[in-house]
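*Asks:* Chains P and D supply the protein sequences, listed in that same order.
Everything in the first sequence is counted per the numbering used here, starting at 1 for the first residue and increasing by one.
Everything in the second sequence is counted per the numbering used here, starting at 1 for the first residue and increasing by one.
Just so you know, the hints here were simulated from the structure itself, not pulled from any lab data.
Even for Gly, the Cβ is constructed at its ideal location relative to N, Cα and C.
Don't take every hint at face value.
With a straight-line Cα cutoff of 25 Å, these simulated DSS-like cross-link-like pairs (lysine-lysine) come out [unchecked claim]:
| hint | chain 1 | residue 1 | chain 2 | residue 2 |
| --- | --- | --- | --- | --- |
| 1 | D | K104 | D | K24 |
| 2 | D | K104 | P | K57 |
| 3 | P | K18 | P | K108 |
| 4 | P | K65 | D | K24 |
| 5 | P | K57 | P | K18 |
| 6 | P | K65 | P | K11 |
Beyond 12 Å from chain D on every Cβ pair, some chain P residues (computed) [claimed, not checked]:
| hint | residue |
| --- | --- |
| 7 | Q6 |
| 8 | R9 |
| 9 | T15 |
| 10 | G17 |
| 11 | K18 |
| 12 | G58 |
| 13 | D59 |
| 14 | P61 |
| 15 | Q71 |
| 16 | V88 |
| 17 | S94 |
| 18 | Q100 |
| 19 | E105 |
| 20 | L112 |
Residues per chain, in single letters:
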Amino acid sequence: EAAVTQSPRSKVAVTGGKVTLSCHQTNNHDYMYWYRQDTGHGLRLIHYSYVADSTEKGDIPDGYKASRPSQENFSLILELASLSQTAVYFCASSGQNTGQLYFGEGSKLTVL
Amino acid sequence: AQSVTQPDARVTVSEGASLQLRCKYSYSGTPYLFWYVQYPRQGLQLLLKYYSGDPVVQGVNGFEAEFSKSNSSFHLRKASVHWSDSAVYFCVLSALVATGGNNKLTFGQGTVLSVIP
Numbered sequence: 001e002a003a004v005t006q007s008p009r010s011k012v013a014v015t016g017g018k019v020t021l022s023c024h025q026t027n028n029h030d031y032m033y034w035y036r037q038d039t040g041h042g043l044r045l046i047h048y049s050y051v052a053d054s055t056e057k058g059d060i061p062d063g064y065k066a067s068r069p070s071q072e073n074f075s076l077i078l079e080l081a082s083l084s085q086t087a088v089y090f091c092a093s094s095g096q097n098t099g100q101l102y103f104g105e106g107s108k109l110t111v112l
Numbered sequence: 001a002q003s004v005t006q007p008d009a010r011v012t013v014s015e016g017a018s019l020q021l022r023c024k025y026s027y028s029g030t031p032y033l034f035w036y037v038q039y040p041r042q043g044l045q046l047l048l049k050y051y052s053g054d055p056v057v058q059g060v061n062g063f064e065a066e067f068s069k070s071n072s073s074f075h076l077r078k079a080s081v082h083w084s085d086s087a088v089y090f091c092v093l094s095a096l097v098a099t100g101g102n103n104k105l106t107f108g109q110g111t112v113l114s115v116i117p
């Protein structure tokens with residue numbers, strides 16, 4: 001069974017609307033990440049967290065917020081969705097100091 | 001600063017042929033290196049990883065990679081590809097940051113592999 005699950009897997013949102021992407025992991029990992037993937041590009045880090053109730057900015061945090069209410073759950077929040085945020089979003093988890101990530105299957109977001 | 005370059009955006013090979021996907025990295029410290037594969041409409045899966053020791057590391061499904069410090073490279077190889085190997089392959093560099101223990105990961109842009117039956 002999948003150890004990192006994302007929901008929704010696909011979503012269409014309107015410009016200016018609020019979007020929440022959720023991620024749940026059963027790996028007992030401390031670290032969780034949100035990445036964005038655009039066509040023809042690698043993954044770029046938006047936010048990450050290494051402990052519950054704390055989040056850190058990644059490389060491209062503007063326009064995004066994150067929430068880590070528990071070790072297992074990590075959400076990505078777009079308060080005012082914009083066209084430029086159309087992308088596939090991946091959640092991942094990892095243990096400390098391993099560098100190896102375990103990915104969810106992705107959430108495809110289309111903003112119209 | 002660290003970076004990863006995959007110079008080939010697309011590679012097409014015939015089934016049964018050998019394969020090499022190139023990866024060059026830039027990092028002043030000791031890198032941890034990974035190859036991940038992404039099948040259509042799926043998340044990324046780990047193929048293999050290099051931390052230290054033998055520069056040739058074996059992965060799943062017959063893949064291997066060779067680390068070269070002198071060339072700053074971590075090329076992925078397979079002796080005989082199958083049509084099911086068609087996917088996007090990412091080379092990833094991990095630089096551990098002591099403070100907070102964050103794993104600073106840098107992704108290459110990916111190489112799309114197409115295997116012709």
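*Asks:* Against this structure, judge whether each hint is valid.
*Replies:* Here is what the structure says about each hint:
1. D:K104 with D:K24: Between K104 of chain D and K24 of chain D the Cα gap is close to 17 Å, so the pair holds against 25 Å.
2. D:K104 with P:K57: 12 Å, holds
3. P:K18 with P:K108: The hint holds at about 15 Å.
4. P:K65 with D:K24: 33 Å, violated
5. P:K57 with P:K18: Given that 25 Å is the threshold and the Cα spacing comes to 20 Å, the pair holds.
6. P:K65 with P:K11: Given that 25 Å is the threshold and the Cα spacing comes to 18 Å, the pair holds.
7. Q6: It is violated; Q6 of chain P is separated from chain D by about 8 Å at its closest Cβ, not greater than 12 Å.
8. R9: 9 Å, violated
9. T15: 25 Å, holds
10. G17: 25 Å, holds
11. K18: K18 of chain P clear of chain D: closest Cβ-Cβ about 25 Å, beyond 12 Å.
12. G58: 10 Å, violated
13. D59: 9 Å, violated
14. P61: About 14 Å separates P61 of chain P from the closest Cβ of chain D, which puts it past 12 Å; holds.
15. Q71: Given a closest Cβ separation of 15 Å, the condition holds.
16. V88: The assertion about V88 of chain P is violated, with a minimum of 9 Å to chain D.
17. S94: Contrary to the label, S94 of chain P does not stay out of reach of chain D, its closest Cβ about 6 Å off (not over 12 Å).
18. Q100: Q100 of chain P not clear of chain D: closest Cβ-Cβ about 6 Å, inside 12 Å.
19. E105: E105 of chain P not clear of chain D: closest Cβ-Cβ about 5 Å, inside 12 Å.
20. L112: 21 Å, holds
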